[in-house]
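So you can see what is in the structure, the chains are spelled out below.
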Amino acid sequence: MTTQIEPARERVGPRVIETEKTGRLELGVPALPEPSRLSPPSLRSHSPIAVAATGIGILVASVVGIDLVQFIDGAFAHGTELGVTAAAAVVAGCGGAGYWLVAELRGLLRLRSAERLRRLIPVAVSSELKREIGVAAAIVARDRLLAEAVERYRAVLEPHHSGRDALELFSRFVLAPADRLAETAIRRAATQAFAINAVSPTALLDTLLFAARAMRLIREIAEIYGQRPGLAGTVHLLRRLISGAGLVGAVDLVGGVLVQQLGGAVFERLSASAAESAYAAQKMARLGILAMALCRPVDFQPGEIPSLRRLVSGLLKRTLDRPG
Amino acid sequence: MPAPRNDRRLPSLERGWLDKLPTLTALVHDRTLRLAVTGLSHSGKTAFITSLVHNLVSAVGGPGRLPFLRAAAERRILAARILASDDNTSSQFPLPENVAALAADPPHWPPGTTDLRQVRLALRFSPGGLFGRRSPIGLLARGTAELTIEILDYPGEWLLDLPLLRQTYTEWSRAMFNLARRGARAPLARDWLEFLAGRSADSPGDPQTALQAHNLYRDFLAACRTKEQLSLLQPGRFLNRGQTADASMLWFCPVPLPVGRQPRPGSLAALMEARFEIYKRTIVQPFFEQLAQGVDRQIVLVDVLRALNAGEEAFADQRLALDIILAAFRFGRRSLLRLLFGARIDRVLFAATKSDHVPALQRDHLEALMANLVEAPTLRARAARSRVAATSLASIRCTEDDIDVIDGRKVDVVVGLPEHGERQIRFFPGIIPVTPPPSGFWGERFTEFPVFQPPRIGRAAEQGIPHINLDKALAFLLEDALA
Chain A
1256 MTTQIEPARE
1266 RVGPRVIETE
1276 KTGRLELGVP
1286 ALPEPSRLSP
1296 PSLRSHSPIA
1306 VAATGIGILV
1316 ASVVGIDLVQ
1326 FIDGAFAHGT
1336 ELGVTAAAAV
1346 VAGCGGAGYW
1356 LVAELRGLLR
1366 LRSAERLRRL
1376 IPVAVSSELK
1386 REIGVAAAIV
1396 ARDRLLAEAV
1406 ERYRAVLEPH
1416 HSGRDALELF
1426 SRFVLAPADR
1436 LAETAIRRAA
1446 TQAFAINAVS
1456 PTALLDTLLF
1466 AARAMRLIRE
1476 IAEIYGQRPG
1486 LAGTVHLLRR
1496 LISGAGLVGA
1506 VDLVGGVLVQ
1516 QLGGAVFERL
1526 SASAAESAYA
1536 AQKMARLGIL
1546 AMALCRPVDF
1556 QPGEIPSLRR
1566 LVSGLLKRTL
1576 DRPG
Chain B
514 MPAPRNDRRL
524 PSLERGWLDK
534 LPTLTALVHD
544 RTLRLAVTGL
554 SHSGKTAFIT
564 SLVHNLVSAV
574 GGPGRLPFLR
584 AAAERRILAA
594 RILASDDNTS
604 SQFPLPENVA
614 ALAADPPHWP
624 PGTTDLRQVR
634 LALRFSPGGL
644 FGRRSPIGLL
654 ARGTAELTIE
664 ILDYPGEWLL
674 DLPLLRQTYT
684 EWSRAMFNLA
694 RRGARAPLAR
704 DWLEFLAGRS
714 ADSPGDPQTA
724 LQAHNLYRDF
734 LAACRTKEQL
744 SLLQPGRFLN
754 RGQTADASML
764 WFCPVPLPVG
774 RQPRPGSLAA
784 LMEARFEIYK
794 RTIVQPFFEQ
804 LAQGVDRQIV
814 LVDVLRALNA
824 GEEAFADQRL
834 ALDIILAAFR
844 FGRRSLLRLL
854 FGARIDRVLF
864 AATKSDHVPA
874 LQRDHLEALM
884 ANLVEAPTLR
894 ARAARSRVAA
904 TSLASIRCTE
914 DDIDVIDGRK
924 VDVVVGLPEH
934 GERQIRFFPG
944 IIPVTPPPSG
954 FWGERFTEFP
964 VFQPPRIGRA
974 AEQGIPHINL
984 DKALAFLLED
994 ALA
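First to last, the protein sequences are chains A and B.
Under this note's numbering, the residue at position 92 of the first sequence is numbered 1347, and the numbers go up by one with no gaps.
Under this note's numbering, the residue at position 7 of the second sequence is numbered 520, and the numbers go up by one with no gaps.
Be aware that one or more of the hints could be misleading.
Now the stretches of chain B that chain A is said to cover, found in silico as 3 or more residues with beta-carbon under 8 Å [to be verified]:
1) 701–708
2) 907–915
3) 934–940
4) 963–971
Partner residues aside, some chain B positions facing chain A, computed with beta carbon under 8 Å [as the list claims (entries may be wrong)]:
5) 822
6) 824
7) 896
8) 919
Hint data in this document are derived by calculation from the structure and do not stem from the laboratory.
In this text the structure is predicted, and so the values were computed from the model without any measurement.
Quick reminder that beta carbons are idealized off the backbone N, C-alpha and C, glycines included.
Extracted from the complex, chain B is given alone in its bound form (with noise of 0.2 Å):
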């Protein structure tokens, strides 16, 4: 990672102790604010952190790939760095890496999260309006402010774990039993339900034979992944570990519960529950206080066109599961008695990404869909008046707009390098309706969604990487925080 620019202006360690007194403009405007990046596995979560922090880093002194950011815009944004990581239970961010990913020759995406990372961004800006270098108060105030924002990286499956915090084993496995049975899913769980039908939950809890219905519960989740790019597939640990230190907390499945009736003493369901438990008690209660305490803002990505074309099962799927995964967060405005309570989230945006895959005329009918989607969680977070919104957005862009004939129709298409690939290709998205399609609509699927090169990035700071309206969602999240 280049050094930022401009650091000559950042406090200086050889100032009188006078100099070191915050200034009023510092004690008004320094914050620290921590972003929840959120979004299922291969949403973008790692290329938009990194692409986030780069074109922060980028804009200092002028506007660099962020014109839509006002402090970048007015360039208000003087200085950049990248501080240490605070928190002992998580690692360091790559983004050096991930740039140099961007930066090598041929580029290639940056390697997908294992484990939970952390990256905090300091920025110090001028401010604007009323403590701004042209209004009185701004002229008696002077001196700059310091944003801190500090953003999390995880696994996208492990998300899936925060509902079951609110279940007990007993609803849990009912509930996975029922998925198991239904359409897409039914077939690729054939082997663990015949396995388990000639088991009984009442059987002796026999170590081995839960880790063998662990082993075929597990290849179960990673077939419908695979198979139907189906997104609901609980627990999130079963397809990506990360650094669990004991392996045999996972070795539990689902088991056929009557309804009304606990688990025996003793039994296959009984060992089951207390793997369950201890699950919950020691991998994802950590990680929810982790992600979601003291967050104030919210951006939640979502691989809408994925789902979009993997057909119908895949995106009621994907719909179902955020609608669980945003249970689990608060909304609210900011204000004094909330910040004693807990802080709440004050702003969310739901942004579905890969809208490089879209030509241009298409990108609102993206947008819309995306606030389609997201209905019931955006009248709970308005009612519990934070403010949201939804776009579309492509952290790192890949492609350009093009005009292509398709059986005699004129079609808007995108041209982009496939990864791996030495010729260009022009991919046609479909229509992309602006609700969630009725039954009628859903054809063939389409599973060859094309992944693309990413853009060659130069690896001076200031160049940037390409995006499609991350300026503004950055508008959105940091407005009022850099205003």
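So here's chain A without its partners, still in its complex pose (with noise of 0.2 Å):
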């Protein structure tokens, strides 16, 4: 390999430059300063359906705004005190309205800053990583059981740490408490998998205590990493996961082997139907780990990722362990 070297003399060199500031400098750890608001979101091409959304949406939002200023123009036909009323509850049902929006839009935006510093990591240059951990640090300080662990990577974070130093610090400080919780969430949501395919009549009341039991997780673990997704977050979030289907068929695979061993090792003493109620549990830390990848504003290092014998065998051994 060459090196390109510029030549001596078209070279700056080396220069000691004297400046008229006196003083000490203070080379304390200092506190990264809260970042003051959300970056917003990458422009996108629109779509033809985001577009034929938006006319829908404003028809709807015209039509009902047309509906109410008639509805409050009626009841002050009835009398002034009639039209107040109506006037003060539409305006209440608006601020309702609004405030749900904004909490929808808030909650999307921070799933797509997590989504931004994903893919930022491997191209971005350090100041630019810098302050997209920041806005990270930011959000999962929301969740009151990370905020000490966020203060903790700020008050060890200093300014002459690059963008990949700070980023192995945010996984090691913030994140890696973060996964221990959301570990934590998965084994009590596939605790109570098993508990559901044990003592479910119907394969259909299974399937949706199941499936509601999932969401909660999804949401959960969401709200761990900082991001208290609402409806929309929600859904964002479910299309990210059916999107990953070739890692569910990964896991399937792993899963499979799982409980063909499990099967052996274990289950020898068990019914068909704890057997069955053990694979949920299974199906239920999948899905846990799966939003944990999602969620996570960094993605996992190898050696990170959570163990899925490790949740399911932990969670057997305190159902076994469990008294009576």
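Hints given; two lone chains; assemble the complex.
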């Protein structure tokens, strides 16, 4: 390999520049300022469906708006007091709906921010990466269980740390405790999936209860990573989960092997229904790991992915050890 | 030195005999690790040792300033204490004095090392992994473990004596003459060479003549260091005597000996040779034994920037000096068999020091240059299955990054307060090449390499000392011992 080196004469050589500034440098560990706002989402090309949905949305909003105006107008026709009451009711209703919309939008923006950081990591320059990690830290800090972890991360991050350094510290100080919380949530959900399958009288009820618990687990995990997804956020997450079908297939294969192994080692003394329940728990755990991968602002590094075997075996141990 | 926190967790003498028995965790994890801090003069050994020990003490119960050291980040370091030196031949490393120098107003650099000094630091920690608090084995084994880190500090010049152990007087003499007649050394060696030109090696061995020749040679070495910033200057004790009991054993120097000729008995050359051999036997050999025996880990500190700015010859000289010094150390993975036949160094870290003189964007360049500079020793260590890495670090960070415009170009600079100065300066270190530069790279020598005032630190141990990458260096050197 050859190295292109600028000729000595054209190169800016080392030099010392005097300044008028006096006084010592303050090299204490600084507290990082709180990012003032979330970065806007990246612009995307408009799809026909999005344009149509926007148009229909405007139509619905206009119809509702006109109806509301007519409603208030009609109320005033019956008397001022009734009109004021109607107007107040409409304002309250619109405020509630607006609040819900803003919450939905913020939830969606947080999800997108985490996804943007994941995309940025392989290509970002140092300062850009540090800024994005700062945004991700601000998002995760909203979880009260992780606020302290974020503070610790901010306390150890120094200006001389590069973007990669910041990423490693963020993984070590913030994401590791978040992962542990998520794993606890997964274990809890898997235990409940085990129980649901064991006591459910019909397959349909079993499926419905499993789906409801899975939905709650996804939202719980998203909240652990500071995302608090609303309806739109949850739909977005589910869409991403479904699009990860290839990954699901891979995990299914692992799950199959696991069940075979467990069947040989543990379940020879248990009934077939207990084995099915264990499989349901394993499916729930697998779903939880996928949700973790989606909600984490930083992709799993080798060795960080929670082991399905450990999650399920820990769950079985707890289930079997439980007295009574 | 303030008392480390959490000393209450250390074993108490009031406990019963049962409690004094080592726990399973202690049996598995307790260990003494000898760290060789290797570096030429002014490479920053004293600053490194001071910062290392003070920051490890500051990491008790929290990450302190060492977030990349996993045991500190996970708050597994429970207590730290400085132990008394167990070696009669070396004195205690003056850690309290060095910390006081950095905490003074204005702060100043600790004085350079003039003799052998030892520091022993005991870290009580809670193991992670298999013996961790969360694992079943950890719950069963319980207890904490203790890692004792032993570090030796010494004048960097002395390292250059290690290669003498493999050389005869005639070999060394010839090599030194070849060096002295070349490049930047030649004009500085003129007085010494002229003195010897008037005296044959076979002339009678007069002690007075030997002393005069020695003084001229020593002055030549000192000029090489101060004027040309050269590194390969032997013997090292000529520039830093330490506590050498008998100064007369140093009164020798190279003399011109034809190839294949041995010094004639009773001649000047024979007198010089006899003193050279005594020097090797009584000074160099014991120092080497202290330094290299039982070493588990090694960090090699190199002031690459100063050599880079001092010019092509100083840079090449530093590289040569490093190569011949490192040839004296034995690398290899730890194994029971090797422990029986003498321990080996299983992890080596090459570190370019004073990286706070370089803005953040160029620190990767400095690291790459460091790695390229020590390519030969790295290959040797890897062949012996040692783990090797290169990094750039600042044991004590004195600057901040900023941007300036020089000759119409926007460049990254560092800002700091110069030692003994009142106004801050902005320093642009030039473009750091990632490989040893070719001849076309070298411009004019830059001799005004700034010395920045160290930051004023708090006397409280938990505040630590600001640094760059010290924690990463410690993670490489100690992570497995604190696992």
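Comparing the hints with the structure gives:
no.	hint	result
1	701–708	violated (count 0)
2	907–915	holds (count 5)
3	934–940	holds (count 6)
4	963–971	holds (count 4)
5	822	holds, 6 Å
6	824	violated, 11 Å
7	896	violated, 22 Å
8	919	holds, 5 Å
Going through the hint list in order, the structure does not satisfy hints 1, 6, 7.
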